[in-house]
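> If you want the building blocks of each chain, they are given just below.
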Amino acid sequence: MTTVSWITARGLLGRRRFLLLFPLPVLLVGLAVLSRAAGVASTEWGLPVVHGLGLGVVLPVTALIVGTAVLGSEIDDGTLLHILTKPLPRWQIVLPKLLVAAGVTALTVALPLYVAGVLVESVRFGLGLAAAGAVGALAYSAFFLALSLLTRRPVLLGLVYVLIWEGLLNNIVSGTRVLSVQHYVVTLTDRIAPTALLDGSVSLPVAIVMSAVFTVGFTLLAIRRLGTFSVAGETS
Amino acid sequence: MTTLDAPQTDRPAGVIHDIGYQRYDGPRLGRRYLVGSLYLHSLRTAFGLGRTIKAKIFPWLIVGVVGVVAAVLTAVRAQTGEVALSYAEFPEVLSILIIFFCAIVGPELASRDLHSGVLPLYFARPLHRADYALVKLAALVSATFLMLAVPLTVMFAGAAFMVDGIGAVWDELGDFLPALGYVAVHAIVYSVLALLVASLVRRRAVAAGAIVGAFLLTSPVVAVLSVMPHEAANQLAGLASPVTLVGGIGDWTVEEVGDLDIGPYGPLYGLVAVGFVVAGILLLLARYRKVAAR
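Chains A and B are the protein sequences, given in the same order.
Just so you know, we're using our numbering here: the first sequence kicks off at 71 and counts up by one.
Just so you know, we're using our numbering here: the second sequence kicks off at 18 and counts up by one.
These aren't lab readings, by the way, just hints derived from the structure by calculation.
As the structure is a prediction and not an experimental result, all values here were calculated from the model.
Honestly, I wouldn't trust all of these hints.
Which bits of chain A does chain B cover? Going by a derived footprint, with three or more residues having C-beta under 8 Å, they are [to be verified]:
no., stretch
1, 90–99
2, 105–117
3, 138–148
4, 231–240
Built from N, CA and C at the ideal position, the CB exists for glycine as well.
So that you can see chain A by itself, here it is in the shape it has in the complex (with noise of 0.2 Å):
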């Protein structure tokens, strides 16, 4: 199990892409530092800041960045067919790749998110923006984890969740919040550290029950997945 988080974790790390990732979280912290300079009300620019950016665009191109990569990687240059043929049960291989990507997300986001959350408003909203972004990390890793497993375009489906179901849909039809990811990190957030800047628009057990669905039931689908899984070449 150490084994395969290791090269996951140097398959994600050691490439030149991996500093794509980069420029997201300091954008994120440079556009509070300077609307922090500037003296404007937070009650102005936190919300586009913190929820535009933070919440709608920095945390889930992360996760989808890393948690497509992690297996689906191995899957596009054919070495995950080195693992899969050790006589390792799949959970062993699903579960290593899902921390890490997890991690490095978490990592990657809740750092900025602090940041950003403490110039807004107070530590403790800074604190509560941090551990809801490693609870979506967790969620939107698992859900990529398992994208990457059903379909051949993970990345361009993940985007069509992000930016259609998520972006667009979220804000005409109210409903379809139930299924978002980012409004479980809203609500999550609001309720650690209740501010005027975020309201939670689903019930904290939903949010709270709908993470733990999204990740546990996302994983198992990878594990099942994982275990009928045929090895073929680009087709389209």
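Using the hints, position chain B against chain A.
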């Protein structure tokens, strides 16, 4: 048919028969034909024509959604007589779908050839590197333009039959033609950025993510800049993102009541957009001057 003279010996030796192979020295279809075929092929690729059903799903999904929006708008206008969305607002409202379309088609056009390493085969022909880059860009611009302009034309056709009198039709035309130009501006600006990003990334999936990221990351910057305590900063905020950059041009030229506060900086928005497109094309050419030159 002649045989080469065998060596002057008695025993029969191996001979090479000249069976009449000839060099082709007729007219050749040159660079222009190549450019034309590559353009047509790229445009077909954009919509997945001539490829499997899997390649058609995503582009036609977007085309379908845009078509449905146009049909609904036309139907609403026919039933209630209200114009829910003007022609110029049409591409602005659908900007997320345009981004998505570019993120799907751009990697299909650029990253695919990079990934499978076929560029040296292209460049072995009388096709210049600049031709290749510009043709791909033209194909992406045309595809995006078609994706928006056809539904817009449907809306116009519907409206033209609905209004009374030829004068009203002329008024409609007066709204429709500038909006068509505005759609073209959208197509050009979005495509340049999308193809530039796609030409830097070999894997299609990653390229799609990078394109969407490039568009989405910049919009919170606009949101933050527009609440700054300086009026000029607010009015120039739109320059920070391609989406609002194009929106600013729309407010300056085609729309009477703009939704962005751009103040007196309309011409600057136009200038920055031109600079953005020119810089994008130059970077694209520079990229293709170096790529696959190993």
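> Where does the structure disagree with the numbered hints, that is, which hint numbers, in rising order?
none
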